[in-house]
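Engineer: So the protein lines, in turn, are chains X and S. For the first sequence, numbering that gives the first Met the number 0 assigns the number 0 to the initial residue and increments by one for each residue that follows. For the second sequence, numbering that gives the first Met the number 0 assigns the number 0 to the initial residue and increments by one for each residue that follows.
It is possible that part of the hints are untrue.
With a Cα cut of at most 30 Å, we get these calculated DSS-like pairs of lysine-lysine [claimed, not checked]:
#1 X:Lys188 <-> X:Lys139
#2 X:Lys494 <-> S:Lys213
#3 X:Lys196 <-> X:Lys223
#4 S:Lys114 <-> X:Lys219
#5 X:Lys223 <-> S:Lys208
#6 X:Lys223 <-> S:Lys304
The hints are simulated quantities; they were obtained by calculation from the structure and are not laboratory data.
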Amino acid sequence: MKVRRHRRSENNQQEDSSPKTQLSRKLEDNETAIKAIFTDCEDIIYNKFQYSSQYNEKALVVFCETIVQNEKANLLKEVMQDLIPHEVGNATEVELKEIKEFFIEHGVTSRAVNVIDKLEQVSEKLLEGFIVVMFEGWNKALAYDAFAVEKRSVGEPQNEVSVIGPREGTIENLTKNLGLIRSRLKSDKLKVKIQKKGEQTKSKVAYAYLEGTVPADTLKEFEKRFDEINDEEILETSYFAELMEDSTYSPFPQFKTTERPDVAVSALLGGKIIALVDGTPTVLICPGLFVEFFQSPSDYYQRTLFSSLIRMLRITGYIISLSLPSIYIALSTFHTELIPSVLLLAILDTREGMPFPALVEALIMLFFFELLQEASLRLPRPIGSAVSIVGALVIGDASINAGIASPMMVVVVALTGIASFSIPQYEFGTSSRILRVPLMLGAATLGGFGLMIGFILIYLHLISLRSLGQPYFAPLGPIRNGILYDFIFRSPLSKQLRKHKQSNVLSKANEKGGS
Amino acid sequence: MKQIETINTLQMILLFQAFITGSTIINIQGPFIGIAENGAWISILLANGLGAVVMMIVLFMYERYPTLSYVQYTKVLMWKPIAYLFGISLALIVILFTANITYGMGQFLTTSMLKESPLYIFHFLIIMVASLTVRQGIEVMARMFHGMLYFLFFIILSILVLNITHYHPEYLQPVLLSGWKPVLHATYVGIGFPYMDIMYFAMILPYLKREKDKPFKRWMYAGLLLNGIILAVTIIASIMVFGPMVTYEKFPIFQLARIIEIGEIIQRVESVFGIALIIGTYMKITMMLFIINEIITQLFDLSNKRAFVFPLGLLVYLFSTTSFNNEIELGESGLIMETILAVSLGFIPLLIVAGRSLVKR
């Protein structure tokens, strides 16, 4: 496994800011120094031991109890055990001299051990869940990794359910997540880089890519932005996404997220970079392009024809979710001649006695709907279902009877709501929820022209938006016929493999062609 | 944003097509048929041929100075004050014609679809959107218009195809009802609008990134010819559907969309098509605004191009709301003045500059 760690560079940085304190030869001095750092931290445990034949040698074991849950903390014994086979003799007869010699020479130990000699390193290791062993008369300490915190076990991700395909989802542990990915992609081309970010949290952040598949300029841009993040506290991958994305105020997410290792692997194979943060299951896939948000992981587990049709359904769903209320407003207030006369009469009939114009009616109903959506997210599950029944009644029936909304508007709003759930990525669906309202205002003031202005502005934004320097609207923005096909249809795997082989040629052509 | 933006050959050809077809597709048929009646399609092809002459000169100059725009090579070739005179006069006519196009679009909307809305709202919105687009630069424009042009062609094709049951080829006869004079008159109009516009395109040409293996000039001529054919076909289709009545229609292509009727479902869909056709005008206005911005910034060597987009947009907006009191004035400006102004203030200076470059050799 090619896991490169950047500890060394970090240590250098710390040296710059504050000079390091050497550990003392006297055990008591060390203990007071550590206690001075961890005042009021009662989960730091100090255990003193005596050893050697006369029990006159002293040792100190320090660790942080809360993150070393599964360990029996008597590592001193282990230290001695390591020595016995080499030095021959009783564990009780081990002397300090032998210990020193053994660890400085890096003898074979049963567990990985770090020999450290700075006070800052001791505190750092303690917080990372190491057990630190110190000896009287030796100005170095031994640190054993014993980190253990209860984590959720690997289960099916709640938000990305697939009918066919693996049921594994990522969890809140970075190493395990990387393991899930690595076990599916057994290639030495898979490069993984881990760094620590954040002044207080020191979150472990990793990114991985498949060498040779990922475009060089994208990787360069990613690494540039990745290195710019240093002191920001990162609790979730979304923090990371926000710090790295091209346009923070855009309604469109510029990175995809997933909780499925198989999706992450397929993204890696497609030349994407993935980023993970320790403590959260979300995997970030960058760069994310507009059209990719319409693709669902299960597309490739189902039959081509069906997947292609479903994908078209999703695209239609997005268009409906974005523009149906505004189209309805434009038609019913400005372009009534477009509606077939019988339907127009029916609409007029239902709208009779409505106190509000179509825009206000639509805004009220959409507001109800959004409110209901937010409320059902926050409520505890047993109450949630009750609220949704009441909400459905209020939106559906009561509002019609009370004369707030016409039945046609309820149909429009309900269809809009359902359509907005058809997009596989929740974050992407929110863009249509945001953009819907300005479109409605445009349609209500200038009809079709207002709608068109709105669409041109959205189109302009999408075209000028970039994700990690790549054009966001790619196969549609600069039209690339070969790839555009994949947007609407899920092409058969045999074709894709052929395309994969050509991809090198293609990416070179793109570099040449520019824009 | 990158300092030097470039677009590839295909994008340049498509930009040219968007530029030349853009607003003409809704505006040209009415006046042409009004003047030349059944011979209008001959006039458009004749004007198209004259457009090829303009294009020849523009491309000739482009071959000599591939990295310079019209304003830049004028400054190189001519005596400074003359260069400024040419540049300013070009800027003025382009501003006027952009205002003209904007007013034409507003007119189209207020007379056909949104009859009660005031003109200035349409002008304001379209120029605002166009300015925002220009600020994003030529690359974004090229990408955007690529898809939009396909959409526009799709719309035109569907109008033509969905009317297939309404065509009466016998209406095309007689072609020259009142002899050649009206045909030549319409050709005169066509020289000013749209074909003199090719000259302004010389401001965009330097953005082309040359690819040696791809023929560029040939495709530009082909694009020009395609434009002529599309316009001629829409004129012929209008005549075939409306017959002698067509001369009374102001926007025949819009009327073509109006009479589409398929079953009980697809009928009176002109609003959809009308609004789709506006996209052409939007593209044209955007590119004209871009050209104005290029002329002004290059003429006075201004480094920050983006800063001048909104002021110039405002200028065009003010022009568009104040230049014309009514349709008749617009018609006068478009049908009579435009050709004179474009030839005298645009084409003749271009000829002089081209002649100077020949002499200099």
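Engineer: Does each hint fit the structure? Answer for all of them.
Structural biologist: We went through each hint and held it up to the structure:
Simply put, Lys188 of chain X and Lys139 of chain X have alpha-carbon atoms about 39 Å apart, too far for the 30 Å limit, and the pair is violated. Restraint check for Lys494 of chain X and Lys213 of chain S: the C-alpha separation of about 29 Å stays at or below 30 Å, so the hint holds. Pair hint Lys196 of chain X plus Lys223 of chain X holds up; C-alpha atoms about 15 Å apart against a cutoff of 30 Å. For a cut-off of 30 Å, the pair hint linking Lys114 of chain S to Lys219 of chain X is broken: about 55 Å separates their Cα positions.
With a CA separation close to 28 Å, the supplied pair Lys223 of chain X and Lys208 of chain S stays within the 30 Å bound. For the hint pairing Lys223 of chain X with Lys304 of chain S, the CA-to-CA distance comes to about 29 Å; that is within 30 Å, so the pair holds.
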